[in-house]
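> In order, the protein sequence lines correspond to chains A and B. Note that the numbering used here has the first sequence beginning at 1, numbered continuously upward. Note that the numbering used here has the second sequence beginning at 109, numbered continuously upward.
There's no promise every hint is true.
What the hints assert, rightly or not - Okay, derived cross-link-like pairs now, SDA-like style, lysine to any residue, Cα gap no bigger than 25 Å in a straight line:
#1 B:Lys153 <-> A:Gln101
#2 A:Lys108 <-> B:Ser127
#3 A:Lys39 <-> B:Leu110
#4 A:Lys42 <-> B:Gly165
#5 A:Lys39 <-> A:Gly68
#6 A:Lys45 <-> A:Arg18
#7 A:Lys45 <-> B:Ser194
#8 A:Lys45 <-> B:Gly154
#9 B:Lys153 <-> A:Ser60
#10 A:Lys45 <-> B:Ser115
#11 B:Lys191 <-> A:Thr74
#12 A:Lys45 <-> B:Leu110
#13 A:Lys45 <-> B:Gly116
#14 A:Lys42 <-> B:Arg166
#15 A:Lys39 <-> B:Lys153
#16 A:Lys39 <-> B:Lys174
#17 B:Lys153 <-> A:Gly16
#18 A:Lys42 <-> B:His113
#19 A:Lys42 <-> B:Thr183
#20 A:Lys39 <-> B:Asp199
#21 A:Lys45 <-> B:Pro122
#22 A:Lys42 <-> B:Ser123
#23 A:Lys39 <-> B:Gly154
#24 A:Lys39 <-> B:Thr200
#25 B:Lys185 <-> A:Ser63
#26 A:Lys42 <-> B:Thr186
#27 B:Lys153 <-> A:Gln3
#28 B:Lys174 <-> B:Leu110
#29 B:Lys153 <-> A:Thr74
#30 A:Lys42 <-> B:Ser184
#31 B:Lys121 <-> A:Gln6
#32 A:Lys42 <-> B:Ser127
#33 A:Lys42 <-> B:Ser175
#34 B:Lys153 <-> A:Ser7
#35 A:Lys45 <-> B:Glu156
#36 A:Lys42 <-> B:Asp218
#37 B:Lys174 <-> A:Arg18
Bear in mind the hints are in silico, worked out from the structure with no lab data behind them.
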Amino acid sequence: DIQMTQSPSSLSASVGDRVTITCRASQSISTYLNWYQQKPGKAPKLLIYGASTLQSGVPSRFSGSGSGTHFTLTISSLQPEDFATYYCQQSYSPPPITFGQGTRLDIK
Amino acid sequence: QLQLHESGPGLVKPSETLSLTCSVSGGSISSGGHYWGWLRQPPGKGLEWVGSVDYRGRTYYNPSLKSRVTVSVDTSKTHFSLKLTSVTAADTAVYYCARGGAGSNWPNFDPWGQGLLVTVSS
């Protein structure tokens, strides 16, 4: 199975900060990489698919990049509603589909 | 607007079968060529994909669960189901249903249901 590793596992930041979360795959997955946001007690929400394509309705302050084994999710200017846990997910040669362990983004 | 809603027992005894249903409203299971999936999240932990099905009944399963899992679509095409046999405490989790993408995008899940906590305990 393809292993997905996110860093950092947790992160504290302030409103207005620029934040970057990294996701690494154990082998090349081209751009078959999705990002999800999950708020406490809620279901995950798809933010980005294909490594860099914003899902409809997602604010433009979110962006994704990368290919192969190294990917990043960037929030250009943190808003109060962005404090959540973020997961990457690979969809290259499934099954199985696998997720990173998550990055918890807290208010500093 | 497409909405999904999980239902089923919140408590299952060890060694028994977990059975959940996902009701789909605001859209049809048989339109657009989408897949429909089940995922789970143990309390305080990360996400795990369980399995997916399309309207014709074609399935994909997580190999780690494949021997115990069945995902199926109801003939009315208004809901799809999950059965997980021989459950243990390790199967305690919030179970989510979600719509996958169409074709090769089948692993892209959006939207999701609200989730249902299933506890395995005697």
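> For a quick check of understanding: which of the numbered hints are violated here, in increasing order?
2, 4, 5, 7, 9, 11, 14, 16, 17, 19, 21, 22, 25, 28, 30, 31, 33, 37
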